[in-house]
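Taking UniProt numbering, I'd label the letters of the sequence shown as residues 1 to 544.
Do not take every clue at face value.
Said to hold, decoys possible - Derived DSBU-like pairs (lysine-lysine); straight-line CA-CA distance at most 30 Å:
no.	residue 1	residue 2
1	K243	K14
2	K261	K271
3	K52	K239
4	K142	K156
5	K31	K239
6	K189	K533
7	K261	K274
8	K226	K71
9	K128	K71
10	K189	K81
11	K311	K261
12	K309	K31
13	K142	K128
14	K156	K189
15	K243	K189
16	K52	K14
17	K14	K189
18	K239	K142
19	K174	K311
20	K81	K174
21	K239	K59
22	K59	K81
23	K212	K243
24	K226	K189
25	K189	K146
26	K142	K224
27	K14	K105
28	K230	K243
29	K43	K31
30	K156	K224
31	K230	K174
32	K230	K56
33	K14	K71
34	K43	K81
35	K105	K56
36	K128	K189
37	K271	K309
38	K239	K226
Calculated from the structure, these hints are not laboratory results.
Model, not experiment: these values are computed from the prediction.
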Amino acid sequence: MCKLCSGALWRDAKGQFLFDLICHHLNLLEKDYFGIRYVDPDKQRHWLEFTKSIAKQMKSQPPFTMCLRVKFYPPDPAALKEEITRYLVFLQIKRDLYHGRLLCKTSDAAMLAAHILQAEIGDYDPGKHPEGYSSKFQFFPKHSEKLERRIAEIHKTELIGQTPETSELNFLQKAQMLETYGVDPHPCKDVSGNPAFLAFTPFGFVVLQGNKRVHFLKWNEVTKLKFEGKTFHIYANQKEDRKIILTYFAPTPEACKHLWKCGVENQAFYKLEKSSQVRTVSSSNLFFKGSRFRYSGRVAKEVMEQSAKIKRDPPEIHRAGLVPSRSCPSITHGPRLSSVPRTRRRAVHISIMEGLESLRDSAHSTPVRSVSHGDSFLPRSRSMMPDGAEGSSVIADEAYSPADSVLPTPVAERSLELAVSRQSNGAPCSIEEEKESEAGTPSAGDGAEVGADGREGGASASGGAEQVNKFVLSVLRLLLVTIGLLFVLLLLLIILTESELDVAFLRDIRQTPEFEQFHYEYFCPLRRWFACKFCWLGGPLVNK
1 MCKLCSGALW RDAKGQFLFD LICHHLNLLE KDYFGIRYVD PDKQRHWLEF
51 TKSIAKQMKS QPPFTMCLRV KFYPPDPAAL KEEITRYLVF LQIKRDLYHG
101 RLLCKTSDAA MLAAHILQAE IGDYDPGKHP EGYSSKFQFF PKHSEKLERR
151 IAEIHKTELI GQTPETSELN FLQKAQMLET YGVDPHPCKD VSGNPAFLAF
201 TPFGFVVLQG NKRVHFLKWN EVTKLKFEGK TFHIYANQKE DRKIILTYFA
251 PTPEACKHLW KCGVENQAFY KLEKSSQVRT VSSSNLFFKG SRFRYSGRVA
301 KEVMEQSAKI KRDPPEIHRA GLVPSRSCPS ITHGPRLSSV PRTRRRAVHI
351 SIMEGLESLR DSAHSTPVRS VSHGDSFLPR SRSMMPDGAE GSSVIADEAY
401 SPADSVLPTP VAERSLELAV SRQSNGAPCS IEEEKESEAG TPSAGDGAEV
451 GADGREGGAS ASGGAEQVNK FVLSVLRLLL VTIGLLFVLL LLLIILTESE
501 LDVAFLRDIR QTPEFEQFHY EYFCPLRRWF ACKFCWLGGP LVNK
């Protein structure tokens with residue numbers, strides 16, 4: 001996570017400049033899978049657009065808070081060329097696991113958590129890891145004592161001798177097989193008003209509803225994505241030329257536009273063969289209405305081809321020690337993300353001093369509300385995934401309900417220094433230590449709830465006024481376009497009638513008294529006036 005202060009350097013800097021700076025600091029070459037995410041004052045998430053100015057995209061006041069995130073999940077994360085890239089993807093998927101976005105059955109959950117433990121604290125040591133040590137780390141929104149015992153059992157017996165690199169690789173291979181791998185859920189409602197989560201994955205478009213995956217469309221089946229207001233449409237062609245249209249409703253127009261832009265980018269990234277095939281997409285069929293957007297990066301096939309050409313010594317990755325420490329060793333690449341996100345959790349910390357007025361590490365985390373965590377995903381091979389939107393399948397015993405994800409906000413310098421000193425060596429922190437570090441600091445979740453209560457009344461009023469304003473603007477825009485079209489048609493008719501074209505309907509118009517009056521009283525004087533002006537302006541040019 002980074003904090004940017006205002007200054008002359010950032011006044012005209014584009015998103016690409018910041019992204020390249022971060023990737024250079026991390027020594028990251030396979031950077032096309034990543035993006036920079038931020039949240040506006042209305043709590044709407046956005047991806048920073050690299051072709052636009054940073055300052056123009058921010059609705060809040062500096063300093064700006066942003067996070068480096070995986071934007072396009074690799075179809076096979078274990079096949080990434082460099083270890084630094086796999087490590088950053090590992091951090092993202094571990095975060096998804098905690099927030100409930102990556103849902104799995106109990107046996108898979110235990111294995112994933114054990115791999116995280118092995119990668120971060122090493123082999124089991126009875127002298128350092130007392131009975132119940134796994135309960136001090138939280139890997140999921142909630143879990144049982146039975147699951148904690150199973151995690152410890154796997155860590156003690158099955159993963160002995162595995163290096164952090166091997167454990168992270170095994171973690172990625174396991175996570176990639178899960179149904180919700182790569183899911184960045186967008187909450188919506190269907191036409192009946194039932195809640196659903198829409199997501200774009202490396203393999204296609206997915207709709208999760210309750211404990212089922214109700215729709216799955218491969219990218220080569222999706223033909224068009226469109227939105228208008230809060231309404232989002234997905235057009236698809238399936239086998240035997242069967243066309244379907246799926247319609248969902250987002251909470252706000254801004255959320256719907258964000259959903260549409262994410263869909264456009266994911267479809268271009270995973271579906272196209274070359275970036276030269278990318279076209280500007282419009283959200284509406286009417287040329288004077290709607291949004292226009294164009295994906296500006298490389299596509300997946302080009303990224304993999306470029307990765308295959310990388311030839312360099314692997315960059316060094318400073319990993320965690322075996323025990324939590326207050327020391328602060330240097331961090332160069334991918335500082336370790338703790339396994340205990342709790343209410344204030346650490347993001348991927350980045351400290352870039354050159355060229356920035358201020359870019360600091362932060363310990364403030366993603367506020368999390370209570371969620372229900374299902375425990376019975378059925379992993380299967382991606383090649384065996386059924387086609388079509390009608391291929392509904394049960395994916396969990398409980399409803400899919402990921403945590404609300406709101407990006408970190410700036411924190412006080414004292415809390416910042418304490419959190420950085422604890423986290424900078426990357427070791428997992430225990431729950432007791434987490435409570436100590438947060439003593440005297442209000443809970444982010446509590447603050448969110450208080451703020452939400454105070455905003456409910458104003459939000460409804462402002463939302464109604466916003467809808468009225470948008471309706472008035474739409475009517476005015478339609479009126480202006482109509483008047484413009486009528487003016488153009490009238491001008492074209494005058495030109496045709498005053499021309500020497502011998503067409504029957506034009507000849508009839510010329511013979512009417514109204515046209516003769518218009519011709520002699522208005523058109524001829526106007527033509528003589530223009531002729532005089534042109535002669536007056538052209539005379540000096542001719543004399544020269």
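Tested hints:
| no. | hint | result |
| --- | --- | --- |
| 1 | K243 to K14 | violated, 40 Å |
| 2 | K261 to K271 | holds, 15 Å |
| 3 | K52 to K239 | violated, 40 Å |
| 4 | K142 to K156 | holds, 22 Å |
| 5 | K31 to K239 | violated, 36 Å |
| 6 | K189 to K533 | violated, 63 Å |
| 7 | K261 to K274 | holds, 19 Å |
| 8 | K226 to K71 | holds, 21 Å |
| 9 | K128 to K71 | violated, 38 Å |
| 10 | K189 to K81 | violated, 39 Å |
| 11 | K311 to K261 | violated, 34 Å |
| 12 | K309 to K31 | holds, 14 Å |
| 13 | K142 to K128 | holds, 25 Å |
| 14 | K156 to K189 | violated, 44 Å |
| 15 | K243 to K189 | holds, 22 Å |
| 16 | K52 to K14 | holds, 5 Å |
| 17 | K14 to K189 | violated, 35 Å |
| 18 | K239 to K142 | violated, 41 Å |
| 19 | K174 to K311 | holds, 28 Å |
| 20 | K81 to K174 | holds, 18 Å |
| 21 | K239 to K59 | violated, 45 Å |
| 22 | K59 to K81 | violated, 37 Å |
| 23 | K212 to K243 | holds, 23 Å |
| 24 | K226 to K189 | holds, 16 Å |
| 25 | K189 to K146 | violated, 35 Å |
| 26 | K142 to K224 | violated, 38 Å |
| 27 | K14 to K105 | violated, 43 Å |
| 28 | K230 to K243 | holds, 23 Å |
| 29 | K43 to K31 | holds, 26 Å |
| 30 | K156 to K224 | violated, 50 Å |
| 31 | K230 to K174 | violated, 36 Å |
| 32 | K230 to K56 | holds, 24 Å |
| 33 | K14 to K71 | holds, 18 Å |
| 34 | K43 to K81 | violated, 36 Å |
| 35 | K105 to K56 | violated, 44 Å |
| 36 | K128 to K189 | violated, 49 Å |
| 37 | K271 to K309 | holds, 22 Å |
| 38 | K239 to K226 | holds, 22 Å |
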